[in-house]
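Using the sequences provided together with the hints, build the complete structure.
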Amino acid sequence: MLKDFQKIGRDLFLSGLNSSHSGNLSVRYGDRIVITRRGSMLGHLEERDLIETGLAKNDSKIILASTEIGVHRAIYKGTSALAVVHAHPVHAIALSLLEDQIIPVDSEGAYLLHKIPVIGAEHTIGSKELENILPGLLSEYKIVMVRGHGSFAVGQMIEEAYQWTSCLEQVCRIICLTRSLHGEMKEKRFEKFTSW
Amino acid sequence: MDLYGWFGKALRVNLSTGVIKEEEIEKTLMMDWLGGRGLGTRMIYREVPAVCNPLGSENKLVFAAGPLTGSNFPGSGRFSVSAKSPLTGTIFDSNAGGTWGVRLKRCGFDMLIIEGAASTPVFLSIKDGAASLEDAGELWGNDVFETNHKIISILGKDVSVACIGPAGENQVKFAAIMNDAHRALGRGGLGAVMGAKKIKAVVVSGNKKVRVAHPEKMDLMVYESDKWIQASPITSKGLPEFGTPVLVNLFNELGVFPSYNFQGSQFANAGKISGEAIAETIYAGRKGCYRCPVQCTRMVKIGASTIPGPEYESLWALGPECGIDDLTVIAEANNLCNQLGLDTISTGVTIGCAMELEERGLLKTGLKFNDAVGLLRAIKQIASREGVGDLLAEGSRRMADSSGFSQYSMQVKGLELPAYDPRGMQGMGLGFATSNRGGCHLSAYMVGPEALGVPKMVDRFSTGGKAGLTITQQNINAAVDSLIICRFINLAVSEEYFARALSAATGVDYRPQDLHRIGERIWTLERLYNLQAGLDSSFDTLPPRLLEEPIAEGPSLGKTVELKPMLAEYYRFRGWDAAGIPTSKKLQELELEEYSC
Ligand code: SF4
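Residue numbers (this note's numbering), protein chains in the order written: chain A, 352 to 547; chain B, 480 to 1076.
Keep in mind that a hint or two might mislead.
[Stated by the list, open to error] Computed Cβ-Cβ distance ranges for the label pairs, DEER-style:
hint, chain 1, residue 1, chain 2, residue 2, range
1, A, ARG383, B, GLU1027, 36 to 42 angstroms
2, A, GLN452, B, SER973, 34 to 40 angstroms
3, B, THR785, A, GLU473, 35 to 41 angstroms
4, B, LYS636, A, ARG383, 45 to 51 angstroms
5, A, ARG383, B, PRO772, 25 to 31 angstroms
6, B, SER784, A, GLU480, 55 to 61 angstroms
7, B, ILE631, A, MET352, 53 to 59 angstroms
8, B, GLU505, A, GLU473, 41 to 47 angstroms
9, B, GLU732, A, GLY499, 35 to 41 angstroms
[Claimed, not checked] Computed cross-link-like contacts, DSBU-like style, restricted to lysine-lysine with a CA-CA straight-line distance of at most 30 angstroms:
hint, chain 1, residue 1, chain 2, residue 2
10, B, LYS780, A, LYS408
11, B, LYS677, B, LYS696
12, B, LYS706, A, LYS408
13, B, LYS935, A, LYS479
14, B, LYS500, A, LYS408
15, B, LYS488, A, LYS479
Don't read these hints as lab results, they were simulated from the structure. Even for Gly, the Cβ is constructed at its ideal location relative to N, Cα and C.
Pasting the structure below:
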């Protein structure tokens, strides 16, 4: 398991989806959860950075777990996910400050993600509000953006949740680039996805 | 003078003459030393000769609140007491939560200085600024709970009592001062200083409002700090759900949970006495100090009574350190220590040492590891100084010295070590060795970086970089102890917030680096005092077991504390010479030239 976490953590960092100490990953095993340690460096994960604690129940390991442990738990309880990736993708965060939803304009993004909801909350870190809102959305969408904060993606494996995260950032880069070109869009493909 | 945060007033009580008078505290003094430990250190340095007998009338007790005490800032309901310690001979500060500090402040005082010694037992009552010394003949001999109860039934529910029990009266070298019945100014034997002065209790109650200079800025800091406290799993989940014993399983797994007087670094039955075990068996609710959202105190059910449960350190000292794995016994022993007014850590570690000496056939103490009856008996004997208790009441260093086997005493500068095996946490070892008050985990609190990842996780086995980190931690914690804020809040909220809250409370502009500098000045002044008291660099060491005996098994296998290189670096980084004496350049830099060794 450490290898999986290390591989994805490193890729998330190297592809700029997280800053040095941001983001967190988890997987669910029955009624247990393995989550990255609070303040760990995803690009340099070691054994001591993987914290196992209860899915519903706290134990002493909770004090080492990621600040987002509550949100990860809520997602597992409210969805069928077995893995969660939380990242801070830069272009997606920028777009989240302008939009209520992100609609891909590229083919791959459109096929894979259709639409990415953007939600706002007063408290965005370790937040009870997010624990309430996210599970519902993530049972319908693969990935959700929290305005100004970052993404939460679900999957059956961390690689899958990582894929949605990476894809989201690609989608957003393309949107940002396209907008910066100031041209008129030739294809209004995104309109069909607004009802997704 | 228009003051915010502080009142600028001290109350000085001379027990020898009975004279009580109010004094102004200069604003610059408060700005430089903040309150709590800082103000206490400065007062003790100025007024108590370093070479005096700590149990003589020359010693003084300085009770001090801080500029945030009485504000809404989380974890700020604390106060500290400073004196020369009868256990360590060092300058010493101890702090506690509850409500006492807030009530002292509401009397309109930042500081209370008690000097001299009474000829017959007295207690001091301060009500809304009016103070009187009362006869405590009836209270003398009462335990902490009885004393608390009697005083409250006479003076009413709106008072807070800080008092001593039989241990303090009998000048046990590690007697505690207990406030609000169960909160302890535990370490260093400050209760014995009260006992020697024949002052049974200090009772406070007041209604003065503590004025905040910028209430809207303070509200923002309270809001932001609460947000961090809620976001951190330590302060929002771990401590509220399991209390400080949340650390038991964690430290046992790391192989830094000492047992049997530090002969082991793990305890086979740790799971039976962990925070989780308490939650599943004897847990009966939680409580906390004034204005604290964490509420880390466990209430536990033992037989028909519900009592405050042991904190992590107490649980360890009265448990694994003595080979005990029965939660009920540990909770009873903890309650007994509170009732008699004993420091739980020093009590447990001294008894643990006596058990090892007995088992090795080096000293007749009648105590054996895992002997619950013996443990409870020894606690009572210590408090009353009966039988072997008289020897144990002197602390583990003097007890082990008396048998000629001082190497079995697990202490630094006479202060018994707490629940961390530093062989598996090198910075903790350096912190213990260099702490101005002796073997204390709170001065550097390397638990943060070496185990909990606060502010960042560092390699616990590495010695590299530990000197600098230990110094930074010691400095900032000295400032935090002066504000005065609970160490656990410190795990979620950074000094940037403390500086802003301090500025909002006082109207004086402070930045985080100012707190570091204030902390360094406090640390240095404490060091100068200790040097004057004769505690040179030869005291900056650890028990031989930790330096020479590698851990025999577990995750910290083969480790000892590599103190020498860390210590040399520590002196250099502190700007001290090779003998551990602050250089004149350093004193100049800190504007402490007027103070010298
Ligand atoms: S965290 Fe615990 S000890 Fe600290 S102020 Fe809160 S209740 Fe008191």
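Outcome of the hint check:
no. : hint                                     : verdict
1   : A:ARG383 x B:GLU1027: 36 to 42 angstroms : 41 angstroms, holds
2   : A:GLN452 x B:SER973: 34 to 40 angstroms  : 35 angstroms, holds
3   : B:THR785 x A:GLU473: 35 to 41 angstroms  : 38 angstroms, holds
4   : B:LYS636 x A:ARG383: 45 to 51 angstroms  : 47 angstroms, holds
5   : A:ARG383 x B:PRO772: 25 to 31 angstroms  : 28 angstroms, holds
6   : B:SER784 x A:GLU480: 55 to 61 angstroms  : 41 angstroms, violated
7   : B:ILE631 x A:MET352: 53 to 59 angstroms  : 56 angstroms, holds
8   : B:GLU505 x A:GLU473: 41 to 47 angstroms  : 43 angstroms, holds
9   : B:GLU732 x A:GLY499: 35 to 41 angstroms  : 37 angstroms, holds
10  : B:LYS780 x A:LYS408                      : 22 angstroms, holds
11  : B:LYS677 x B:LYS696                      : 44 angstroms, violated
12  : B:LYS706 x A:LYS408                      : 22 angstroms, holds
13  : B:LYS935 x A:LYS479                      : 25 angstroms, holds
14  : B:LYS500 x A:LYS408                      : 56 angstroms, violated
15  : B:LYS488 x A:LYS479                      : 44 angstroms, violated
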